[in-house]
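Please take these sequences and the hints and turn them into a complete structure.
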Amino acid sequence: MLKNHSFLGWRRTVGAAAVAFAFLSMPTAELWAADNTATGDIGGVDADLTDSNTFTLNSSTLALVKAAFLNSSGAALSSGSSVPKGTLVDFLIYVDNSTGVGVSNVNISDPLTGFTYQANSIKVDNSQNTGATAAAIYASVDGQSALDDGVDGTDVAGISGSTISAGSGAGNVQLDIAASKVWAILFTASVD
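Under this note's numbering, the residue at position 38 of the sequence shown is numbered 38, and the numbers go up by one with no gaps.
No lab work stands behind these hints: they were computed from the structure. Just so you know, even glycine gets a beta-carbon here, dropped at the ideal spot from N, CA and C. Where hints are given, some of them may not hold.
[Stated by the list, open to error] Listed next, with one range per pair, are the computed distances between beta-carbon atoms:
id: 1; residue 1: 116; residue 2: 82; range: 24 to 32 Å
id: 2; residue 1: 154; residue 2: 80; range: 18 to 26 Å
id: 3; residue 1: 113; residue 2: 80; range: 17 to 25 Å
[Said to hold, decoys possible] Calculated pairs, EDC-like style, for lysine to aspartate or glutamate (alpha carbon to alpha carbon, straight line, at most 16 Å):
id: 4; residue 1: 85; residue 2: 142
id: 5; residue 1: 66; residue 2: 148
id: 6; residue 1: 66; residue 2: 152
id: 7; residue 1: 85; residue 2: 192
Dropping the structure here:
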């Protein structure tokens, strides 16, 4: 019997021996707000973070994307791909800020369900310019050194329990994304 798990636009179909990847059009990591919305403050006043300061993100200018690659070869996994249990998969989450304005204090959270995180595999990169392909972003971030896994205020990203997080909202260093840049996180997990 197959059991479907869905979370934030990423669907995983679990069978006895394989996982089928289905990529939907919605963002797949969490910006700690409703899909395609965020809250803003005025002059750094946290009390201003109310519904009156909620704005809709234009998906053509600030995009949140999740992609998967085979760890063994770096080959992209497309929607409908199946891999056997135990396969190591590299998950790439990136924010493409194609606006002319930097975005500060971004928080991203991705709960792992049906996957086991591989220790010391979190890498981040912000060297790519907006519009870069997922393959180019993957290659760039894969070439970076791994962070420690802790959520301890020393790195921008870490893991707590089974949730990968980036940004100060979960206890990491503040995440800022420059104008016309891509910020990316890459981590490895095995299929349960």
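Could you grab the alpha-carbon distance between residue 66 and residue 152 and see if it respects the 16 Å cut-off? violated (25 Å)
Next pair to validate is residue 85 with residue 142; report whether the Cα-Cα distance is within 16 Å. Violated: residue 85 and residue 142 sit about 23 Å apart, past 16 Å.
Quick check: does the Cβ-Cβ distance between residue 154 and residue 80 fall within 18 to 26 Å? violated (39 Å)
Has the given pair, residue 85 with residue 192, been kept, meaning a C-alpha gap of at most 16 Å? Within the cut-off at roughly 6 Å; holds.
Taking 16 Å as the top limit, are the C-alpha atoms of residue 66 and residue 148 close enough? Judged against 16 Å, a Cα distance of about 22 Å means the pair is violated.
Could you tell me whether the CB distance from residue 113 to residue 80 stays inside 17 to 25 Å? At roughly 19 Å between Cβ atoms, residue 80 and residue 113 fall inside 17 to 25 Å, so the hint holds.
Distance restraint hint 24 to 32 Å, applied to the beta-carbon atoms of residue 116 and residue 82: violated (18 Å)
Hint check: violations occur at hints 1, 2, 4, 5 and 6; the rest are consistent with the structure.
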